[in-house]
Structures are given as C-alpha cells and as structure tokens.
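Student: Residues per chain are reported as follows:
There are 2 protein chains.
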Amino acid sequence: MSERKEFRDLADPERAREVVASLDLSAGAERVALEDARGRVLAERVDATLDVPGFDRAAMDGYAVRATDTYGADADPVTLPVVGSVHAGETPGVTLDDGQAAEISTGAVMPAGADAVVIVERTEELDGAADGNGAGGSDGDSGDDAEGGRRVRIETAVTPGENVMLAGADIAAGERALGPGTELTPREIGLLSALGVDEVPVRAEPRVAIVSTGDELVRPGDDLDHRAGQIHDVNSYAVATAVEEAGGEPVVYPHVGDDTAAMEETLLDAAADCDLVLTSGSTSASAVDMVYRVVEDRGELLLHGVAIKPGKPMLVGRIGGESGDSESDETVRDGAAYVGLPGYPVSALTIFRTFVAPAIRSSAGLPEPRTASIDGEMAVAERTEEGRRRLLAVGLVEDEAGETLVYPVDKGSGATTTLTAADGVVDVPADTNRLSAGERVTVDLFSPDVRPPTLLGVGEDDPALSRVLDRLDRPRYLARGSRGGLRELRDGLPDVAVVAGPFDADEEGVADAADLGGWSREWGLVVPAGNPEGVTGPADLVDRDLSFVNRGTESGLRTSLSNALADLADDRGVDRQAVTESISGFDRAARAFESPARSVAAGDADAGLGLRATAAKLGLGFVPVGSQSVRVLANPDRLEKASVRELDGLLEDVSRVLDGLDGFERR
Amino acid sequence: MSERKEFRDLADPERAREVVASLDLSAGAERVALEDARGRVLAERVDATLDVPGFDRAAMDGYAVRATDTYGADADPVTLPVVGSVHAGETPGVTLDDGQAAEISTGAVMPAGADAVVIVERTEELDGAADGNGAGGSDGDSGDDAEGGRRVRIETAVTPGENVMLAGADIAAGERALGPGTELTPREIGLLSALGVDEVPVRAEPRVAIVSTGDELVRPGDDLDHRAGQIHDVNSYAVATAVEEAGGEPVVYPHVGDDTAAMEETLLDAAADCDLVLTSGSTSASAVDMVYRVVEDRGELLLHGVAIKPGKPMLVGRIGGESGDSESDETVRDGAAYVGLPGYPVSALTIFRTFVAPAIRSSAGLPEPRTASIDGEMAVAERTEEGRRRLLAVGLVEDEAGETLVYPVDKGSGATTTLTAADGVVDVPADTNRLSAGERVTVDLFSPDVRPPTLLGVGEDDPALSRVLDRLDRPRYLARGSRGGLRELRDGLPDVAVVAGPFDADEEGVADAADLGGWSREWGLVVPAGNPEGVTGPADLVDRDLSFVNRGTESGLRTSLSNALADLADDRGVDRQAVTESISGFDRAARAFESPARSVAAGDADAGLGLRATAAKLGLGFVPVGSQSVRVLANPDRLEKASVRELDGLLEDVSRVLDGLDGFERR
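Chains as they are written, first to last, in UniProt numbering: chain A, 1 to 667; chain B, 1 to 667.
So that you can see chain A by itself, here it is in the shape it has in the complex (with noise of 0.2 Å):
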C-alpha cells in the first residue's frame, strides 16, 4: 500500500495529485454547538427524535372547529359560539364539542374536538352582548358555553385538517434529516433547530502545521535589518490564509532558522500535533536539502519534484511515526502527511491550490469549489520553457465590448506584488513554447469570485493618482513609469496610461489617446529638513560633492530631470553627458516617486529626484525645480467602458482630491 519513493524524477502533475491524495488526513469528528457549525460538514446522519411540529398546529389564524359543523357554510353562513380561545404558546383551556368554535392563533394547538380552521378573513365576529339572542345561525349552541356570549359567523366550509398541521407532518421522530457529508449552511442550520439539535457531530477541521524555514525570516510587524537581508515572512500568513479557505485549521510555527537539529525538532513537533505538516519559506538549495534529509530520516519521501512551473521543488511525505525507515504501513502512519512547498509565495500559493487544497477540502468532507474559468485573448504574446508544463500568473482587462485580454504579470522571483496583479493562471502544455497574442486561452481564476478589474491602469506613480484610484471600484494600477504607461498604450493593452512630465504623443504612437485630463506638480530636490547643504538646485548637484539618489529611467520625473540638466548643459556648451556623469548618484535609479526622498531622509543621501508634496510629507527641505503636468491618456478603444466614463467624471471635479498636497495644481 505504501507509495514508492521517487529520487529526483520529476513527477507528472497527475501522479503528485495522487501522491497527495493518497496520505491520509482524515482529523476524525468532533461535536461542536450549532452556533459554530456554519460550514461545517456533518461527520454522520442526524436523525429526528422528536415530532415537528409535536403537536397538530394551527397553520393560521381564524377559529378552530369541527369540519362537519362547517358544511354548506359557503352558501349558507354558519354561527357558532366561540368557547374560548388558544394563542401560540399556551395549552388549549377547552375542548370543542359539536358545534362550537374556539379563536386560535396561528402556531396555537389544536384544542380537543376541533379538527381544522376557519381562517379568520373567512370569519366575522359577532357582539355577543348585542347578538347573542338574535343571530341568525342555523347551527347555533347554547349562548351558555360561549365565553361571554361570543359568536362567530363562518363564512366557508372547510375539510378535516384544512389549515392545520399535523404532528410530525414536516418530520417525524425517527426519519432521517441529513445525511452524512452534509455541509451546513443557513438552511441545514435551520431543520437541526427545527429538531431541537444544539450540537452537531461534524468532520473536524484538519490541522495544518505551518512551519517556514529560513533565517533571514521576521515576522511581520517587527522591524527589519535590511542590511542583514531580513525580510518579513510571507508565506506563513498567507499560506495559513488558505489552509483556513480550504477548511483547514492553520497553526503556524515559529519559522526556523538552517539548522538541522532545530529543523528536525520542530518537524517532528509538528507531526505530532497535526495532521499535515507544511515547509514553506526556503528558497535556497542548502535549507530545501536540509529539509529532504529530516525527511527522509524521520519520516517517508514519497515523491520530491513535480513537473510544473512553478512547483519544481516540491516535495511529498510522511513525517514522524516511530521507524521511517520502516516499511511497516502502520508505523508509517503514525506521523504526519508532510508537503513542502516551494519557497516563492507565488509558487507556493500556486502549488498549494493546486495540490494541497483539494486534500485538505477532502479531509473536511467540503465539496470542491466550483471551478471558475474565462476564456480570453493574449494582448501580448509569451515564451514558455518547452518541456515543462506551466501555470502562468495572468491579469485580465475588459475591453469596451467586453472581451477578456489576458496578459502574464510576473515580476520575476520572488515578487510578492505578483500576487495581487495576477488574476488566475493559464495552463501551458509542456509542448509549447508560446503564447501568440491573440490567441484563445482559457485562465483558471484564482477563485470563483474573482473579477477582472473594473479599470486597468498602466504609467507614473503619483500621489493624486492614489487617491484618484481609491474612488473607483476595484482598479488595477501597474506602476512601471510614464514611460512603461506610453508603451503599453501604444500596444493597447490598458484602459488608461499616466504620464507625467513631456512627450511626444506621435513618436510615442499614442497620438489617438484621449487627454482625460490631470493636474500639475511641483517637483524638485528634496534634501534634509533646513537643507543643511544650502543645495540650490541640478547646478549644485554637478558642481559639487554631493550624494544623490534619481528616479529610474521609465519615471517621468527623471525625463523632466534630464531635460533640466540638458538646458544647463546648452547654457554652459558642455556636452550633456558630462554634466550627468559629474552627478553622483545620477544612475541611483530609485523606484519609486517616494524613494529618492526616504533614501535623503535615511541619511544614505544629500538629495533626491522627487515631489514638494513628498518632502513635506516626511518633514524634509525642498528646492524647487518645475512643474511638470500629469495626463490620464484613456485608450481610443475604451472611451465607452463604464470605468473609463467614470474615470473621466472625477477628473472633471480633480480639485477634490488635490487638498493637502503640497504644490499640486488643477491643469
């Protein structure tokens, strides 16, 4: 029964999912109070042990009477004397003879004698004191019985048991209710109320260890020492996030460092508690080999490596259990499940949907989610590695007829942005080695409830822009520089370009775009508060030995820059690459607009590339240089898309957002 081992064979995707399927994460049942059993899935049938209702129930509110004494009442009306009368909630104080009637409340029991109800619109009651004597039923009792003389004119005949309910007529002691596998929603939660149930046997969640391995880990909140390589753990929390979605329970261990012993302590710690053990975090060779060899000593690898991108170092176990040595299945089985995840947050979170999830949704008895899908077209076109099937990181933009473009969003190793660019993946066969743009694909969405983004923006990063994006409803904004906006323009893929600073709409080939409008800002040299350097501007920065941080080369602020230091080249006849080679730090191309200045306030620089707003912002000086416009170019082919119309609105009304920040100003 036991999987065989397989070194460093790269496993076909399918076999890893049999691999993965076949440990056992079974967590058991447990019992849990009806309150917290939303989601939940029932671990065994649930029978009904009582009668609901537990007694025949009146179905409206009229009057409860013998049927018989109704008859022919449509034609001819019927009195009779109202003896009583029974509420939801109170035991019925008379039994009805023949002839009588009894007020009831819808809910009420069904006094004695009476056999069905007269709903009260088909009803009139008559003044006991005023008619007791004179009414004119033909089937009316003694007034003696009446409570105080009431009667009650009955309007249509009815049928024994017409509005009522009989006891047991929604269920009865003994039938089943729900079955077991049943996942419990509102509706479910309501029937095991109905049966007075306030506890539920349900599947427990099984319990996931998280344990992420790395030294240059911290958790996030507490600070970093870059110059260490800290970096904040990613993959425990959303790792742990996802565990939580596939209705697992996530217990995240403390990360551990590339020490072997405390590794193998941890893992086994690990094992013991829970049902699956999960490693995540190492993206190095040494610290994945650290891991294989824990693995193979305490436990069982079953398979190490599958073909996909991303997924190659993925590696499936079993962990703990007396003898991993041991071919004895029942030793084996006393540890863990163990999967270790590839070390990219990307990869992991792909390897984990792919491969991990549906076991844990087994183990916890949930359906598999119904799998979402979009077909759509590749705006641009992309190699892939032959030979090695792929899951490509994709984003997705509507255009105005509603067509879905797909474009990969990958940043490369490691980025974390990724994570949220990206709306799904595309599944590219080991034999193909591109994607042409224009090609039909097919994306499997992150999840059924992902949406493409309402507005798809590419160019500067700015402050105003920020706060513009947080009116509309789910944006994407790819900042890559007004230059990066420009190109991607050109080739049509987004909804919107922004550019700052000054170009050429025909070299650039956007000459189409529609100018939504924009603001200006005031950029210059940020520089420490009191600007202790007495800096005075671009001049200051080639004539003297000070440090300064740029902005990258896609940045329209570095064009407005260049364009500064070329006039000062023509003003002095120098050659233009003099002057920017005499600058210190000219190619210290910071990302993005706030950088140059956070590198200032550090301490790392005498002055950066950046905006008033920014330097007053972080309390720090500021020498003006310019101005430069900032323009919201809206793809000619999107002008009727609903986000672009509304894009178009609030730049109408820009002032708005422009308050507070420093030397912006309506176009």
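Any given hint might turn out to be false.
[As the list claims (entries may be wrong)] Chain A stretches covered by chain B per the calculated footprint, using a threshold of three residues with CB under 8 Å from any CB of chain B:
#	segment
1	24-30
2	191-203
3	416-426
[What the hints assert, rightly or not] Selected chain A positions facing chain B (in silico; Cβ < 8 Å):
#	residue
4	588
5	592
6	650
7	654
Treat the hints as calculated values from the structure; they're not laboratory data.
Each residue gets a CB set at the ideal place from its N, CA and C atoms; glycine is no exception.
Take the given structure of chain A and dock chain B to it, following the hints.
Tutor: Chain B alone, transformed into the frame defined by chain A:
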C-alpha cells in the same frame, strides 16, 4: 431625504430593495490582526512604507560577481577567486573588488561591489589547494584574497543586475499597495505580510440583532412542552448563520413573547447596540401588529409589506433614535435600521436572501456573490396565485442525459424540511398563473455552490434504507410512503422509488421499472415492554378495547396491515370495514416508521404498527405479524446515471447494512 411611509400598500419588490438599500447600515472601520483578516475588506488604502526587498537581493544560488568580469565567459570560462560566502539572513562579510567572486545563496544581500549573480549551475568550484596555482583562469586574481584558496570557474557571462532583485523592485515605499474596498484573500494577506503589516484597517462587520418573537419559542437543546404548543426557535439560528454568511456579525437576543413592553425594551436595546435589527418568528397577526406598533411609536416605518410570495408581512424602517415622530433626518439616523422578516423559516430566509443580505454585504464592503442559476424544465405542473410575484422553492434532479428537471418542494406553511429539500427558487412573475410540465424555467440557486443531489429517491421510510443512503454522496430522499414513491416513479420524477409490501406493478404503471434489489423486514404490533396487555395479534385490536396508532395510507406498512385485517375479515366472514372500524385508532395515522412505536413508548397507545427493529431500538415489546419486502425500483430512464449504478452496486452487497437491524433479512 427621509423615505415616506407607505402604509398597507404592498410595495413592488424593486422598491423594497431600494428602501432597504437606503437604510444606513455602515458600521465604520476597525483594525484587525493580519491573522484574522481573511475575508475582510480594506477600509482604506494601504501604501507600502518600506521597500520590498529592502536590499539588493540575490535571486538565485550561485556566485556574486561584477558583470564586467564575466564578459566572454560563454566562450572562454573565467576563473575567479572566491573571497567569501553570503547566506540569506546575514550581513555580507565581504566587499568585492574587480575580478573577485563571492558564493551567495538565494535571498542573500548582494555584497558591496557585486552587481550580478552567476547561477551555480553555470559554475564549477575548483579545489583551492589543488588548483590554487594551476587553474587556467584568464582573469584570476591573487590567491591571497581567496578564502582558503577557493576559486570558481564561471561558464557564462551575466549582465549587470542579472539574477538580482534590486531594492524596492517588488514594491517601493510610498507606492500604492492595495486600495480601499479590496477583499483580503491569501494573496493580499501575502502582500501585506511582505510589507510588514500586522494589523489592517478593515470595514467593520455590521452588527445585526436578531429578535425572535413568540411565546411558543424554546431554544434548541431545551425540552419542549408539546401540549403547550412549544416549538424550537428556528429563525434565530438560521438567520444568524445567514447574517454571518453575508458578512455581518449576528447578535441573537433572547426571544420575546407577546408583550408589548418587553418587546419595546428589547428592540430599543438592540437598536442601541446594533446597526440593523431583524425581527422574525411571529407568524400570528397579533404579534406582527405588536412589532408594527413598536416600530411606529419608537422609530419610523418606511414600508409595510412587499408584493412577493413569500414576503407579504415584511416590514422596513428605522428604530430607536430620540424621537421617531420627528421628521428630522438627524434624529432618525441615531437609531438602527430595522427589517421585520416573515415568521416561517423558508419565507424568512428567502426574504433575507433577497432583500437584506445585499444590504449587509454592501455595508461590509463585500461584492455580490456570482449569481448562480441553472436552466431546467418543470417536471410537473405548478399552479401559482396570479397577481403576486412568487419565489417558488424548487428541488432539482438530473436525468440520464444531464438535463435538469425542476419540481416544487413546498410542504406547506412553516415546514422546515422545505429548507433542505429545495435547491433554489424560480421567480414566477405576477401575471403567470401556471407553470406547465416541460416548461423551461431558470432556477436561482441558494448559493453558487449548490449542486443538484446526485440521487433523488421517493418512497417508504426504512432504517436499512437510511443506512444505504449514508453510503451515497449527497442523495436526496423524500419520505412520502410507498404509494407516494410509486406515483412519483410513474410520473418519471425520481431516480428510484422505494416500495414496501405488496403492489401490482402493472396497475401502478411502473412495470418497466428496474428492480435494483432490496431486503425484507419483519413487521407487527409494537407494544409496551413486557407486553402487559398480552396482545397476540391484530385480532386483539379488533376484539379488545386497545388503543392503537396506525401509519398513513401512503405507507407500505399500512398496506400489509390492511391486507392482514382483510384476511381476518374474510376468515370471520365479516365485512372488512366492520373490522377496521372496530379498531380504536385505526385512523390515527402517524407520519414516520417510528412514530407509532414512540406513541406506545410515551404511554399514548397500547399498540402501534411498526417494525421489530424499532421495538428493539426503543426497548419495547413486539408482536410479530409478518414480513414484507422492501424493493428499490429504478426509473427505467435513469439506469445509466452514475448514482443509480452506485446504488445498484451497494444493493448487491446489502447484507452489510442490515447488520444489527432485528428482523431484517437479505431478500
């Protein structure tokens, strides 16, 4: 701004939706720990406050170098001295000069002086001692710099930045990371972790008070007094679960009886503490009127009744606030939103789902779930009341070809089993008075995860059958007795019918049904333990003054008893009706197979029709009368359906499920 009252006029459903949407449920924002943030929605934008990565980071295992030192290495490998090693999570202890390399692990800080990484697969580390002198490096530096004489042969050229992730390349401080309104899935949790965020600002879940009304309500787990008409509180728990599902925080209040002062106090308490107050549970007009009056007096009633079935008694308004009579917006806004749900559970959940859940989701910032609907054809005709739009609860079954058949499942007012026997609703317009069999309809599923049951069975209830059903995945079984099963099978609805006792297949119109197998069960009279009355058989019921409980006319058990009594009458040469009429309780028809026995156990009868197995289970006495077969008949058009084949397989080996059931035998 304030909505106008609309008394007693049934509102159009669209109008009702607008009025509910106009209620202000927004609960503001709160901060939650990252671990608890799954499924929550960001209340405000989150910008990166640090660069990710925070340092120039090796993206691969290999050797950190200056790219210029590797030029030409593809053709002519270069050997460099290895001046140190840098691992992830440590501060580099080396600085690279021209012509040097340092071993580096993925995730490690690039040492100063290095600008690229050569991946380990394209290198070969030479043994320092052996090769220190003789290695043919074209650019080898002095062996003195190398760590213990280590040298590495570089077999490929790299460009500056190759296999390095620059600081901030993933996301940089100041960049917009996630916008307000973003739902937090594992992917967003991953990005937030990377940013070091351990607490996130999220939309608060609206607090939703649930106040059930009615003197008759008892919480599940507590005993009922049937004589006093007590029932378990279904709506509090079902609606609370539905509130959770919609993203609200349910607050279940103790139910209130028909006491205006107590109701007013509870509603005002709830309004002070919650964003929305729901009442439900009252089915009687008087209780509804009472709630109505409290809302009128201490709040504002905006809508009373909606033109939809179920839902007529829906109330919408606001409650609390200093003076509900005031027309001042401000005063009214101090209170909570209020919605009165109908009393019957199916109605309450339908109205909740249709009108209230969207408002809660909107307040919590959650998107509307992908609506799921299935097209199918009506398996039977259904009359509807013209003039009022109706949400008809229906069940689904797939035929062999995968076509979906739709059938109404409402068992009548207040039935809780309708909750779980239905899969969704058909929205029937007000001007339609009939759905014909075969008519195409669209079913709005209760949730996108609803799947039609794998198997639909109708017929006799039976303890062995319950066990068989437990072994199938998501079957649905409607216990409508053997006669009901035969009728439905003849009409072609179910996959299988289960029939106990004798029947004539030709007469029933099921001659072409396939007999999948079955078992036999011993039946007779269940009597108190020890059989104190010394009952010997059916003749005693006729001849002696014994009170009896029968099963309903649909039941196969009753058929067998009636046959036995007919034989008795024939033996005695008397009229059959005379025999049954002399049995006290022959018409006392109980709903389920255990019900008569339970009446005996409760001391309510001297004998009940039932099974030996039931008597054994309940510790009662048993007087055997006969044995009857229980047969599972398959719809001839469904024989190839997977679940029918699976059931057929189970019945092959039915002995397993009969184990421990007294009087059951394989047929």
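Student: Which of the listed hints are not met by the structure?
Tutor: 1, 4, 6 and 7
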